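Engineer: Here's the letter readout for the chains.
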Amino acid sequence: MIGTAVKQPVKIRRNRSDLIFNLFVYGFALITLIVILYPLYFVIIASFSSPYAVSGGNVWFYPVGFTLDGYKELFKYGDIWTGYRNTIAYTIVGTFIGIAVNIPASYALSRKDLTGRGLFTFLFVFTMFFNGGLIPTYLTIQDFHLYNSFWVMVLPFSVSVYNIIVARTFFNTSIPPDLRDAAQIDGCGNIRYFFQIVLPLSKAVIAVIGLWTAVGHWNSYFNALIYLKDRNLYPLQLILRDILITNNVQSALGTGEAAQIALRLAALMRYAVIIVSTLPIMLFYPFVQKYFNQGVMIGAVKG
Amino acid sequence: MYRNVRRNLGLYFLLLPAVVLVVCFAYKPMYGVLIAFKDYKPAMGITGSPWADPWYKYFIKFFKSFQFDTTIRNTLFINLYSLAVGFPLPIMLALIINQMHAKWFRKAFQTITYLPHFISTVVMVGIIMLFLSPGSGLIGNIYRLLGREAPNLMGSAGAFSSVYVWSEVWQHIGWDSIIFIASLSSVDPSLYEAATVDGASKRQKMWHIDIPMLIPTAIILLILRIGNLMGLGFEKVYLMQNDMNLKASEVISTYVYKMGIISAQYSYSAAINMFNTVVNFILLFTVNQISKRISENSLW
Chain A
1 MIGTAVKQPV
11 KIRRNRSDLI
21 FNLFVYGFAL
31 ITLIVILYPL
41 YFVIIASFSS
51 PYAVSGGNVW
61 FYPVGFTLDG
71 YKELFKYGDI
81 WTGYRNTIAY
91 TIVGTFIGIA
101 VNIPASYALS
111 RKDLTGRGLF
121 TFLFVFTMFF
131 NGGLIPTYLT
141 IQDFHLYNSF
151 WVMVLPFSVS
161 VYNIIVARTF
171 FNTSIPPDLR
181 DAAQIDGCGN
191 IRYFFQIVLP
201 LSKAVIAVIG
211 LWTAVGHWNS
221 YFNALIYLKD
231 RNLYPLQLIL
241 RDILITNNVQ
251 SALGTGEAAQ
261 IALRLAALMR
271 YAVIIVSTLP
281 IMLFYPFVQK
291 YFNQGVMIGA
301 VKG
Chain B
1001 MYRNVRRNLG
1011 LYFLLLPAVV
1021 LVVCFAYKPM
1031 YGVLIAFKDY
1041 KPAMGITGSP
1051 WADPWYKYFI
1061 KFFKSFQFDT
1071 TIRNTLFINL
1081 YSLAVGFPLP
1091 IMLALIINQM
1101 HAKWFRKAFQ
1111 TITYLPHFIS
1121 TVVMVGIIML
1131 FLSPGSGLIG
1141 NIYRLLGREA
1151 PNLMGSAGAF
1161 SSVYVWSEVW
1171 QHIGWDSIIF
1181 IASLSSVDPS
1191 LYEAATVDGA
1201 SKRQKMWHID
1211 IPMLIPTAII
1221 LLILRIGNLM
1231 GLGFEKVYLM
1241 QNDMNLKASE
1251 VISTYVYKMG
1261 IISAQYSYSA
1271 AINMFNTVVN
1281 FILLFTVNQI
1291 SKRISENSLW
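If you're matching them up, the sequences are chains A and B in order. Mapping of the first sequence onto our numbering: position 165 corresponds to residue 165, and the numbering continues sequentially without gaps. In short: position in the second sequence from 1, add 1000, done, that's our numbering.
FYI, nobody ran anything at the bench for these hints, they're computed from the structure. The structure presented is a predicted model; accordingly, all values stated were derived computationally and were not measured. Glycine included, C-beta positions come from ideal geometry on N, C-alpha and C. One thing to keep in mind: the hints can contain errors.
What the hints assert, rightly or not - Using C-beta positions, here's what the derived DEER-type ranges look like:
(1) Asp79(A) <-> Val1020(B): 33 to 39 Å
(2) Leu1089(B) <-> Met282(A): 21 to 27 Å
(3) Lys290(A) <-> Arg1293(B): 25 to 31 Å
(4) Leu1089(B) <-> Asn247(A): 54 to 60 Å
(5) Gln142(A) <-> Tyr1192(B): 56 to 62 Å
(6) Ile31(A) <-> Lys1103(B): 20 to 26 Å
Please put together the full structure from these sequences, using the hints given.
Structural biologist: Okay, structure coming up:
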């Protein structure tokens, strides 16, 4: 009894300081949420609003002058669908190659009894800090006759040292070495062991590497900008670059009233194109979020 | 050793594709760096082209070029700005997320803050340009709502670095905080319990338990960022460039691209690129040595 009577004032004081602290935490969280969400929300409502309402500053919380013109215009723009198709192909093939190249290599590097392990690890890690640079790489791609081809988008740069390190850490920590000893006694060779025992136990890390690779392919434009020439090979991101960034509708149409309308429509189409190109990843992402987090955490164990 | 190699032959097969690709597309270009010291002619190949006279001709050309100061100043400035803002904020966010005890809220908060990370660079710059358009963009409308004239932020050299850095923070703050959240989740709960028994407030627990816990991870990431002070990604800067902000937005990587791919000055472009890579490498190495000496945290 006496104990509680003495303790109480301390506890109240602490509770008050904690209350202020909690207010600060949740207040900060709320502001962060608004700052992050509102621009995304605005893009969505702007894509459905009359372009005049958007540019006139009348759109704030919901679509004004609801219209689907932006999307209609978009469907007429054939390049986007070519780009979409190319990107899907690059993403699927590129992700498959990425997994097929990086996962086996990282397993081999995780094995302590691999002769030359240090040398091979160095061979990979060194490329993270030193590289030939843009032009020598560009000339190499030409030497291999990969310039302006489908394969340049999926093969030459499929080795990811970062992914190899992440997967290697996973194999080191999650596959017990005893398993290998047991398999060896049963006469199971390394390759069979890898495919039949290790891979089924590694779904989590394959998912992580696969997702990272897929998002990378979906979103990148640099390799396409450097190594592709034909427009019918362009991935979605290069087409988007034309629409969103380098588009010069204005100069092409002069300054008449028709030009004004075209200009407004072009702006509307930009909001729509952002939605159409980003939606697949945004819809996909919450379901696979836990794998992304896992991956960063595996990598964090030893970078 | 030979027996060991033979017994593990299978492992070398698993390693083979990655090694072949790295040798072809990472090490072969390293040999190609030689063109920085040559007068490279595509028809003659790397070995056939004559040596530059003097061999460091293209390096001197860059040092004397009026773009030397501009590109280096811009690269360093944008990186330092980005470091000053983009390094502490994700740590702050991780500390805050760690304080959220309502599980559903914490999860929803993380999902939402990671979301912008998955927007592609092209779309991100597209959004920036739409929002910042002074006549019709969201930012312009907010200015007008406050009764002020909207500035043309994309067309001003002075605003370039701020637009770049803050949009970068908006897009990646959530994602960059994950690694710190991971470090915080490994704190031994008995530490908090002991601190509670001793009467520590939440703020004190954050200050004396959480922050010291983050320091090793923070130092490793800081080393990597400082080691990359002279390397600024090409993708976003290039898309944000226009004639009006070029004075503040021409960085080493965009200049390398323009000299190499656009004007086909292969040797010159390779020389600038090589200078840049070497400086980066020296920086990283030095910072890592210093950190090793004073804090025992190191990359290797």
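Engineer: Could you tell me whether the CB distance from leucine 1089(B) to asparagine 247(A) stays inside 54 to 60 Å?
Structural biologist: violated (33 Å)
Engineer: Taking 56 to 62 Å as the stated bounds, is the beta-carbon spacing between glutamine 142(A) and tyrosine 1192(B) within them?
Structural biologist: Check passed, 59 Å falls within 56 to 62 Å.
Engineer: Against the range 25 to 31 Å, how does the distance between the Cβ atoms of lysine 290(A) and arginine 1293(B) compare: consistent or not?
Structural biologist: About 39 Å separates the Cβ atoms of lysine 290(A) and arginine 1293(B), which means 25 to 31 Å is violated.
Engineer: For the range 21 to 27 Å, tell me whether the beta carbons of leucine 1089(B) and methionine 282(A) fit it or not.
Structural biologist: holds (23 Å)
Engineer: The hint says 33 to 39 Å between aspartate 79(A) and valine 1020(B); measuring C-beta to C-beta, is that right?
Structural biologist: holds (35 Å)
Engineer: Starting from the hint 20 to 26 Å, judge whether the C-beta atoms of isoleucine 31(A) and lysine 1103(B) obey it.
Structural biologist: holds (21 Å)
Checked against the numbered hints given earlier, this structure breaks hints 3, 4; the rest are met.
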